[in-house]
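Asker: In case you want the letters, here they are:
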Amino acid sequence: MEGLERGSAAIVGVAESDLGAVASEMSPIDLMAQGVHRALADCGLRLRDVDGLLCATAQSRTSGLALAEYLGISPAYVDTTILGGSSFMFHVAHAQAALALGLCKVAVIAYGSTQRTIGRRHASVREYNPYETPFRPFLPSTAYALAASRHMHQYGTTREQLAAVAVAAREWALLNPVAWEKKPLTIAEVLSARMISYPFTVRDCCLVTDGGGAVIMTTQERGRSLQKAPVYVLGCGQAITHANISSMPDLTVTGGLRSGRAAYAMAGLGPKDIDVVELYDAFTINTILFLEDFGFCPKGEGGRFVADGRIAPGGSLPVNTNGGGLSYCHPGMYGLFLLIEATRQLRHECGARQVADCATAIAHGNGGVLSSQSTVILGTQAVL
Amino acid sequence: MERLAESPLAVYQAHLERGELAYQWSPEAQKAVFFPRVVCPFTGSDRLEWRVSAGLGTVYATTVVHPAGEGPPYNVALIDCDEGFRLMSRVEDLPPEAVRIGMRVRFRVHHPGGDEPLYPVFVPAEAA
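One line per chain: the protein sequences are A and B, in this order.
With the first letter of the first sequence counted as 1, position 187 gets the number 187 in the working numbering; the numbers rise by one all the way through.
If you count the second sequence from 1, you need to add 1000 to reach the working numbering.
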């Protein structure tokens, strides 16, 4: 992004809260606070060091108030930007700006959701739209299904290719001890699962889990003095193209094209320089669209690109190494988990799923119905 | 500033009551605008003219929703109308899975009954 300086801020602490199906009566703010506590322990900072608070959840309209009250802090800088699942990538850029201006010195980005426990309809109330709601789109699935239909029509993408995305995510999830899904998955099983909104079966759609977490950011200078190697924010980019799917200009091209270009330009990197790829896979078509829009393959080639295990463990491009929203965890606004996984990969903390010798990662957030796109490129000291 | 007597949605609904699919036209941008609104998204101007569509269009994208235990599958589609605007709708008079991208379709008003507002649906153009 224009105005932000490559590497001026770093992610220094990350943690998930409890995931999957959390204890009954847990609140989203409980999960945020648990994430903050664990992320502070990860970097060795204390709650009293935190003077910047950024958070979002679908279950609290004023989560900044709720979390500040809960933690007993009065932060100098607060940002509760909420643009769907990509909100936390927007928060990274905003935190980087706030740190650069001296508005705060240590910023926490937090998320929590109990949508599995309380039910998705209660966690995220749909707004009535007189131009869409009468047609009973099953949102968000139907919107992404419409995008998939267009991609299949224009480029010959097949249901089997979509299913390959889900199978690759599952193979990664089997290497992640905290992933929700524990059993192998085949293409045939994806295709024969319960149909949701054609061409998607339930296996083309993200999980419905609880979960939360936190990311701690500080300046480059301060980051060097903490207990783990800092992971630097090399590039950020964002784009909003619409709110409702009927207003999306071209259903085969996302705002990721623009957000990715902005992030690459700031980082001075291109797709060939990226070692680890974390893309918001709310639905199988997402991964295909984003691989194209970020230049990992030409537009229209995403289906063929993913078909032969290329993005699965052992493939040439490691994508969604935690198992993704499809098989690891998806509490409704999943973006924060991509930042956590990218950071852990760059710290080489990922055990069986660790990508060898990685120094750069892209973490891309998607919000709404392909509506808001926000990209963060991270790197180690070696590429600063 | 002049106070608006009717919301864009109310004007749109009144057209549907007359059997018409209305959209807006931006004279400065020379472009169609949909959904109806107060300010033109191309120019920022509040000069938007109402026009009535000929009701012909092409299916841009299509899906079949399979509700979990709540009735039969149904179509949801995005329709590109010939005047240059796109809207969400569904295509009727054929099985939902038979709706194809590129299919030519024609508008008709759907009466959901009760107090529900009218809305536009489409049928294959040759059958209308």
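Certain hints may be false.
[What the hints assert, rightly or not] Estimated spans, in silico, between C-beta atoms of each pair:
1. B:A1014 - A:T158: 44 to 50 Å
2. B:R1104 - A:T81: 40 to 46 Å
3. B:A1005 - A:A23: 34 to 40 Å
4. A:T81 - B:D1093: 28 to 34 Å
5. B:G1044 - A:S24: 46 to 52 Å
6. A:K299 - B:K1031: 22 to 28 Å
7. B:D1046 - A:T81: 39 to 45 Å
The set of hints was computed from the structure by calculation and includes no laboratory data.
Here a beta-carbon is modelled for each residue, glycine too, at the ideal position from N, C-alpha and C.
Asker: Evaluate each hint against the coordinates.
Answerer: Going down the list of hints, with the structure as the test:
The hinted window of 44 to 50 Å between B:A1014 and A:T158 holds, with their beta carbons roughly 45 Å apart. The hint said 40 to 46 Å for the Cβ distance between B:R1104 and A:T81, and at roughly 43 Å that hint holds. Between B:A1005 and A:A23 the C-beta distance comes to about 55 Å, which lies outside the given range of 34 to 40 Å. Under the hint 28 to 34 Å, the C-beta atoms of A:T81 and B:D1093, about 45 Å apart, miss the expected range.
A hinted range of 46 to 52 Å holds for the C-beta pair B:G1044 and A:S24, which are about 50 Å apart. Taken as a hint, the range 22 to 28 Å holds for the pair A:K299 and B:K1031, whose Cβ atoms sit roughly 25 Å apart. For the pair B:D1046 and A:T81, the beta carbons lie near 29 Å from each other, so the given range of 39 to 45 Å is not met.
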